[in-house]
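Hey, can you work out the whole structure from these sequences and the hints?
Top to bottom, those sequences are chains A and B.
My numbering applies: residue 1 is where the first sequence begins, and numbers increase by one.
My numbering applies: residue 548 is where the second sequence begins, and numbers increase by one.
Everything labelled a hint here was simulated from the structure, so no lab data went into it.
Keep in mind the model is a prediction, meaning the values are calculated, not measured.
Here a beta-carbon is modelled for each residue, glycine too, at the ideal position from N, C-alpha and C.
Heads up, a few of these hints could be off.
Chain A stretches covered by chain B per the calculated footprint, using a threshold of three residues with CB under 8 Å from any CB of chain B [unchecked claim]:
id, segment
1, 24-38
2, 46-57
3, 281-288
4, 291-297
5, 324-337
6, 358-368
Below, in silico cross-link-like pairs of lysine-lysine (BS3-like), each with a Cα-Cα straight-line distance of 27 Å or less [as the list claims (entries may be wrong)]:
id, chain 1, residue 1, chain 2, residue 2
7, A, Lys-478, B, Lys-637
8, A, Lys-458, B, Lys-681
9, B, Lys-606, B, Lys-681
10, A, Lys-117, A, Lys-162
11, A, Lys-458, A, Lys-317
12, A, Lys-162, A, Lys-131
13, A, Lys-56, A, Lys-42
14, A, Lys-458, B, Lys-646
15, A, Lys-56, A, Lys-78
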Amino acid sequence: MTVEELFDQQAAEVERQNALENRIYCCTAAGCVSCGSEAVRKAIGEEIKSQGLTGKVEVCGTGCMGLCSKGPLVRTSKDDALYGGVDVSNAAALVSAPETLAPLRIDTSAPFFIKQKKIVLGNSGRVDPEKIMDYIAAGGYQALARACTELGPAGTLDEVKKSGLRGRGGAGYPTGLKWELVARQPGDVKYVVCNADEGDPGAFMDRSVLEGDPHRVLEGMAIAAYAVGAQQGYIYVRGEYALAIQRLQLAIRQAERERLLGNRILDSAFQFRVDLRIGAGAFVCGEETALLASIEGRRGQPRPRPPYPPEAGLWGKPTLINNVETFANIPPLIQNGGEWFASTGTATSKGTKVFALAGKIANTGLIEVPMGTPLREILFDIGGGVPGGLEFKAAQTGGPSGGCIPAEFLDTPVDYESLARIGSIMGSGGLIVMDSSSCMVDVARFFMEFCMDESCGKCIPCRAGTVQMHDILLRMTKGEASSRDMAILEELCTLLRETSLCGLGQTAPNPVVSTLRYFRPEYEMHIRDHRCPAGLCEMKGNEGGAR
Amino acid sequence: MSRHHYSGDALIEVLHTAQELYGFLSPGLLKSIARKLRLPPSRVLGVATFYHFFSLKPKGEHTFVVCLGTACYVAGAPNVLTALEHRSTKAGTTTADGKVSVDGARCIGSCGLAPAVIYNGRILARVTPESISKELDRIGVE
Numbered sequence: 001m002t003v004e005e006l007f008d009q010q011a012a013e014v015e016r017q018n019a020l021e022n023r024i025y026c027c028t029a030a031g032c033v034s035c036g037s038e039a040v041r042k043a044i045g046e047e048i049k050s051q052g053l054t055g056k057v058e059v060c061g062t063g064c065m066g067l068c069s070k071g072p073l074v075r076t077s078k079d080d081a082l083y084g085g086v087d088v089s090n091a092a093a094l095v096s097a098p099e100t101l102a103p104l105r106i107d108t109s110a111p112f113f114i115k116q117k118k119i120v121l122g123n124s125g126r127v128d129p130e131k132i133m134d135y136i137a138a139g140g141y142q143a144l145a146r147a148c149t150e151l152g153p154a155g156t157l158d159e160v161k162k163s164g165l166r167g168r169g170g171a172g173y174p175t176g177l178k179w180e181l182v183a184r185q186p187g188d189v190k191y192v193v194c195n196a197d198e199g200d201p202g203a204f205m206d207r208s209v210l211e212g213d214p215h216r217v218l219e220g221m222a223i224a225a226y227a228v229g230a231q232q233g234y235i236y237v238r239g240e241y242a243l244a245i246q247r248l249q250l251a252i253r254q255a256e257r258e259r260l261l262g263n264r265i266l267d268s269a270f271q272f273r274v275d276l277r278i279g280a281g282a283f284v285c286g287e288e289t290a291l292l293a294s295i296e297g298r299r300g301q302p303r304p305r306p307p308y309p310p311e312a313g314l315w316g317k318p319t320l321i322n323n324v325e326t327f328a329n330i331p332p333l334i335q336n337g338g339e340w341f342a343s344t345g346t347a348t349s350k351g352t353k354v355f356a357l358a359g360k361i362a363n364t365g366l367i368e369v370p371m372g373t374p375l376r377e378i379l380f381d382i383g384g385g386v387p388g389g390l391e392f393k394a395a396q397t398g399g400p401s402g403g404c405i406p407a408e409f410l411d412t413p414v415d416y417e418s419l420a421r422i423g424s425i426m427g428s429g430g431l432i433v434m435d436s437s438s439c440m441v442d443v444a445r446f447f448m449e450f451c452m453d454e455s456c457g458k459c460i461p462c463r464a465g466t467v468q469m470h471d472i473l474l475r476m477t478k479g480e481a482s483s484r485d486m487a488i489l490e491e492l493c494t495l496l497r498e499t500s501l502c503g504l505g506q507t508a509p510n511p512v513v514s515t516l517r518y519f520r521p522e523y524e525m526h527i528r529d530h531r532c533p534a535g536l537c538e539m540k541g542n543e544g545g546a547r
Numbered sequence: 548m549s550r551h552h553y554s555g556d557a558l559i560e561v562l563h564t565a566q567e568l569y570g571f572l573s574p575g576l577l578k579s580i581a582r583k584l585r586l587p588p589s590r591v592l593g594v595a596t597f598y599h600f601f602s603l604k605p606k607g608e609h610t611f612v613v614c615l616g617t618a619c620y621v622a623g624a625p626n627v628l629t630a631l632e633h634r635s636t637k638a639g640t641t642t643a644d645g646k647v648s649v650d651g652a653r654c655i656g657s658c659g660l661a662p663a664v665i666y667n668g669r670i671l672a673r674v675t676p677e678s679i680s681k682e683l684d685r686i687g688v689e
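In structure tokens, the structure reads:
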């Protein structure tokens with residue numbers, strides 16, 4: 001497809017869609033599917049046929065619409081409204097007279113919707129992830145066209161640098177700098193790798209992006225490849241994400257057919273192929289050097305850095321590794337320019353961040369907010385607060401590498417630096433809320449168990465240290481620990497942090513450190529009084545255990 | 548394997564396909580993969596045991612995978628697992644009659660539906676010990 005054809009096709013598809021009386025978008029992301037959205041979609045399809053409206057009304061599946069707790073969600077273009085908790089019996093009404101379903105209508109002027117700003121998720125819930133034309137109609141692949149025809153590799157790089165975009169995988173390394181490092185490396189063979197090994201428990205942002213808008217990630221990768229001079233890309237996806245894998249495979253095939261990937265992209269000399277690599281359930285593979293080892297078909301064990309992947313990555317060649325969300329930010333960034341992107345967010349953290357809200361919160365689901373939004377606004381205005389009358393206790397960010405944020409820091413703006421200051425990290429975007437029924441010692445133990453299981457076993461501090469720390473925490477939850485254990489625990493925290501080989505071991509103590517910092521009395525109660533204030537841990541003298 | 552040009556780099560892809568076809572990775576299967584990809588058998592076994600996804604033992608007729616990610620944990624997944632184990636078998640094993648396999652999993656990314664259980668590849672949302680018990684009744688577990 002040439003650039004002119006791309007624009008022609010977009011105009012034609014937009015016109016076709018506008019001519020429809022009603023276009024029904026049925027959320028077919030994992031959350032809604034498990035509440036029966038596939039059946040709803042099928043029923044709507046049959047209803048269209050039986051009412052003789054084929055060609056006038058259309059139904060399509062989309063990615064996540066965000067409010068997973070109200071699923072299945074359906075949006076109708078006729079009255080531009082969102083309906084929740086829909087079932088098969090509503091199909092007829094949705095097709096011809098959605099306005100009669102007023103009780104199911106979701107108020108889209110609620111804080112959950114208006115406090116969000118969608119850049120990465122802009123298309124999610126608005127395009128059919130299985131149809132490339134839907135993505136093109138929404139302006140897809142125009143950023144790639146702009147990069148190839150107008151900006152050139154250096155100009156593309158400049159836009160990314162100007163934007164101040166930082167890696168969304170957790171560490172927050174400036175994306176522009178990383179791209180420049182790879183671009184500057186000599187040699188013809190370079191690789192672009194998309195890290196879609198989303199392992200943090202409680203995080204499902206990347207999954208939703210891949211399932212809901214796979215072409216956006218492909219376009220972002222193609223732009224990156226163009227800027228750094230790579231011809232081959234890999235997407236490393238978790239094996240657990242079957243639907244994401246299936247949709248990515250389809251998207252790659254479609255893009256190749258339209259000459260938006262492969263040889264002679266957009267009728268230029270630029271070529272770029274993308275292959276999928278399926279992970280096999282190892283958390284450590286999210287670490288970049290372990291991920292590269294896994295792509296090469298070996299055990300996913302990290303190696304010491306430097307050399308960093310931009311110098312020597314896959315098969316020793318320069319390799320650019322970015323996270324799914326980072327790549328998903330690229331098309332709108334290039335389309336609208338770096339300055340536009342930099343206008344959102346704080347001084348050091350630009351753009352938006354997608355969070356997965358989970359745990360004890362009313363509106364579980366997927367949200368996207370500008371960087372610097374206070375935590376309170378995210379959890380209480382957008383998230384709807386803690387249900388069931390219990391009190392908010394802590395919010396956990398960054399998975400097993402992150403920390404717990406107590407209530408007194410609820411007004412902290414969410415950006416890389418502020419979160420680091422209070423002992424947590426931005427992480428990939430999992431945000432889990434705990435109420436007063438959660439025991440912080442048990443939470444720390446839970447994460448330590450996770451790190452213990454997932455440690456790859458290459459370096460000793462992580463392999464042996466996590467076992468020791470878990471052992472101490474386990475004894476604490478059973479009321480068998482002494483105050484000496486506390487001292488050893490703290491010593492181990494420092495040891496692991498300073499001597500482990502990779503990020504997994506270095507950050508493994510974070511949940512312990514942050515809970516010790518903010519919830520020390522709770523630890524002391526476990527040790528001294530053999531009592532669990534949350535009533536969760538079963539120990540002598542406290543039979544109120546929930547488990 | 549020919550799709551990957553018998554390259555050792557594609558070992559993980561080949562193992563995925565093999566497990567899909569045969570259900571699990573038997574020692575004989577691993578040996579033949581090693582031979583065809585011209586890799587030492589130790590490397591194939593090393594990779595197969597490193598990743599949780601690969602199973603060296605056959606699975607039961609019905610599989611239950613309980614998500615033990617943070618969100619599910621906070622929402623009570625341990626109680627679900629205990630109930631399940633009580634009625635069938637310990638996590639990571641299969642019942643003697645080969646009927647039910649139980650496993651725990653790291654986050655499956657369905658945190659909005661916590662606690663979640665994958666039953667034969669389908670996600671069950673907001674599972675309770677009672678509902679999982681009903682599911683077991685349905686498939687005829689004593």
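So, going through the hints one by one against the coordinates:
1. 24-38: n = 5 at 8 Å, threshold three: holds.
2. 46-57: Coverage by chain B is violated for the segment 46-57 of chain A (0 residues, Cβ < 8 Å).
3. 281-288: Satisfied; 3 residues make the cut.
4. 291-297: Per the Cβ count (4), the hint holds.
5. 324-337: With 0 residues closer than 8 Å to chain B, the segment 324-337 of chain A misses the three-residue bar; violated.
6. 358-368: holds (count 6)
7. A:Lys-478 <-> B:Lys-637: Since the Cα atoms of Lys-478 of chain A and Lys-637 of chain B sit roughly 22 Å apart, the hinted pair holds (cutoff 27 Å).
8. A:Lys-458 <-> B:Lys-681: Between Lys-458 of chain A and Lys-681 of chain B the Cα gap is close to 43 Å, so the pair fails against 27 Å, i.e. violated.
9. B:Lys-606 <-> B:Lys-681: holds, 22 Å
10. A:Lys-117 <-> A:Lys-162: holds, 21 Å
11. A:Lys-458 <-> A:Lys-317: holds, 24 Å
12. A:Lys-162 <-> A:Lys-131: Not satisfied, since the Cα-Cα distance of roughly 33 Å exceeds 27 Å.
13. A:Lys-56 <-> A:Lys-42: holds, 17 Å
14. A:Lys-458 <-> B:Lys-646: violated, 37 Å
15. A:Lys-56 <-> A:Lys-78: holds, 11 Å
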